[in-house]
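Colleague: Kindly produce the complete structure, drawing on both the sequences and the hints.
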Amino acid sequence: MIERELKILIVEDSENDALLLLRELHKSGYKTHHTRLETRDAMLTALNTEKWDVVLSDYSMPCFSGLEALQTLKESGLDIPFIIVSGNIGEETAVKIMKAGAHDYVFKGNLTRLTPAIEREMAEAEVRHKNRQAEQELRESEARYRSLLESVSDYVYTVLILDGKMVATSHGPGCESVTGYTPDDFNADPELWLRMVPEEDRPEVLKHVDLLLAGATPPTLEHRIIRKDGCIRWIQNCQVPRYDFEGRIFTYNGIVSDITERKLAEEELKFRNLLLTTQQEASLDGILVVDEYNRVLMFNQRFVDMWGLPPEVLETNFDKIAFQTMLGKFTDLGHFLEQLQQHNEHRDGIYRDEVVLTDGSTFDRYSAPMIGPDHRYYGRVWYFRNITEKKNLENQLFQSQKMEAIGQLAGGIAHDFNNILTAIIGFSTIVAMHMDSDNPQRENVNHILAAADRAADLTRSLLAFSRKQIINPQPLDINKTIKNIEKFLQRIIGEDIRLVTVLEHDILTVKADCGQIEQVLMNLAANARDAMPKGGTLTIETGIFLMDSDFIRAHGYGEPGEYALITVTDTGSGMDEETCKKLFEPFFTTKETGKGTGLGLSIAYGIVRQHNGYIDVHSEKGRGTAFHICLPLIRSAVLLQTDNADEITEGGAETILVADDDPSLRELYANILKQFGYDVITAEDGHDAINKFRESRDRVELVLLDIIMPVVNGKEAFDEIRKIRPDVKTIFVSGYTADVIQQRGILDNSMDFLSKPLRPLQLVRKVREILDRAE
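Quick note on the numbering used here: the sequence shown kicks off at 286 and runs consecutively.
Everything labelled a hint here was simulated from the structure, so no lab data went into it.
Here the structure is a predicted model, which means the values were calculated and not measured.
We put the CB at the ideal spot given by N, CA and C, even for glycine.
Hints should not be assumed to be uniformly reliable.
What the hints assert, rightly or not - In the DSSO-like style, the derived pairs of lysine-lysine whose C-alpha atoms are separated by at most 27 Å in a straight line are:
#1 K492 <-> K450
#2 K393 <-> K316
#3 K676 <-> K393
What the hints assert, rightly or not - For each label pair, taking beta carbons as the anchor points, the in silico distance ranges come out as:
#4 K866 <-> K765: 31 to 39 Å
#5 V380 <-> V412: 44 to 52 Å
#6 N373 <-> L329: 24 to 32 Å
Modeller: Shown next as structure tokens:
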């Protein structure tokens, strides 16, 4: 007897019971391959890793029941016969098992039914498998048929005409793939051909039919139809009329083609062209496209505007005339022509550079080749972007960075240098005060003071052009300021040069430091004097200037608003463009060695910018120079009133607390104040000052604080001292620059401040002024 193979999955917790099942199958001539398991996880693993002919399961087990095993098999989706093999389970339980989906059940006490039950269920499973396979093949066949019908995009139809009217139509079988309707649908409904045309397309279709019925041969018609499934499709309808022997039309044949995909492609192309055109016209770049022979294919309006191409050029032979117009605008035509030659020799290259036009504009030029999928060169796209404003800003940034570098240098030396100068000036002054007028050393001391003054002026000059000097801006009438120093300016320029002032009749009020503005005018006057060695005219004019967006865009600087305009013009030798560009740079000078420091105009520039103003220069060789200064104009301000009251030089008997981390300056301040009768307490830093003020809070009338000190700085000490006694008067002193002091929160109009280097009498007068000031 030939053994038949059988793969069995046994769900059984008893090894002996499983062996009984296998022994029964061996007796029936089966060679078995089996796996015994008793948990859900083991069953899932077995179902996923091997193919089984049948599942035999006990009904009741400690960890896993027969019904749970049946549910696990169902969830796997496998169609495998499932037979319960158990003890006497009763009729009710047997019915429950079969309703749950088991294929059969066999009692362990009667295993003779096992083999027939397995064979029957395996046969039925094979039938189910073949049915499913046949159903799948049918579905695939139907899908292939539908695909074939859908792929047919043409069908033929015939229309019979009697007495000039359509009386019958005949549609080929392909009509279903295009319209969704069968030939029988069209035969049953003679008006179906028209009703499936959307209402908005029907007039054109009926007009076409009227032409056919009248005996004409109309052109091919394209229109939409509504398929049976509701989808909109595009068709192409082409008719060929046939005539009887009397020349009357009696029928016509037509062919309908589904052109939906072509129409969609055309719409997509239209959209892409519209999108491309919109992008080109909305672009910030001027775009020019040329073909492989450098003939112009297209350009956008931005390109026309950037290059200033007049309408008459656009209306003529654009290629030649526009090209000639463009060539006339390059400052370096030779370089541009070399670039074009390079592009023609290396057509696949991508190029980018900058071009400068004769009107001063700068364009960023970028070009890329148009290379097709076939690697053929079809032309080149050129992009031009106006970066004039960007270049102006870069130049301003470069100049600002140079100024900032020197400013950092100036700020770095200012504090220590000012402390040294304060000590030199202070102690020298004290020495001079104690000398007899006929003392032979008095002249030497005066030389020391004069040298210290020059050093202090140099420090102030460095800080001025770096915009770090401490200024005291007040409402100021520019016209009055010019009138006040007019005679002094005349002495600066000399008798050979005539000074002319043309002042605005309205009051021009700006918020400025009077001394600083005078310094600017004196520096410009000195510069004009040197430019007119043989005499000439220096003119100072004032007026109101409205700075608008057009001016800012053209010049690359400024903020919109009203400005007081000061124009200083000379009739000197003038300068070229390159010299003008460097004129405000520190240490740049056109004078001979030893005749100029190169700081005069830099200082003027720094002062004007520190006042939130602007200064520029216009000059030509042999035609003189004009400096334009713009300072923000203010309205309804109370002007600064200057007087010539006698300076206060008397001392007093009050107690003053002096805090400075420099021992020599502490000694100097104490020495000076004591000589004028004051009682002085000294502190070496802010912490020491707080403690000493706390000890003498009732008798200290004024506190003199250096701003920058170790441990506790002057501002922090001031805040703590005010907590102890809010009414105490305070003077701040510092040799640091304005920006450093600003960071410490000291520059406040309500606080009194002295800047180093300071003279002894300057200190005494300020102390007396503050002590006498009414709260």
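Colleague: If a hint holds in the structure, say so; if it doesn't, say that too.
Modeller: Hint check:
Taken as a hint, the K492 and K450 pair is honoured in the structure, with Cα atoms around 14 Å apart against an allowance of 27 Å. Note on K393 and K316: the hinted pairing holds, with a Cα-Cα distance of about 20 Å set against a maximum of 27 Å. As the CA atoms of K676 and K393 are separated by approximately 98 Å, the hinted pair breaks the 27 Å bound. A beta carbon spacing of about 34 Å between K866 and K765 agrees with the range 31 to 39 Å that was offered as a hint.
The hinted window of 44 to 52 Å between V380 and V412 is violated, with their beta carbons roughly 25 Å apart. At about 30 Å, the CB distance of N373 to L329 agrees with the hint of 24 to 32 Å.
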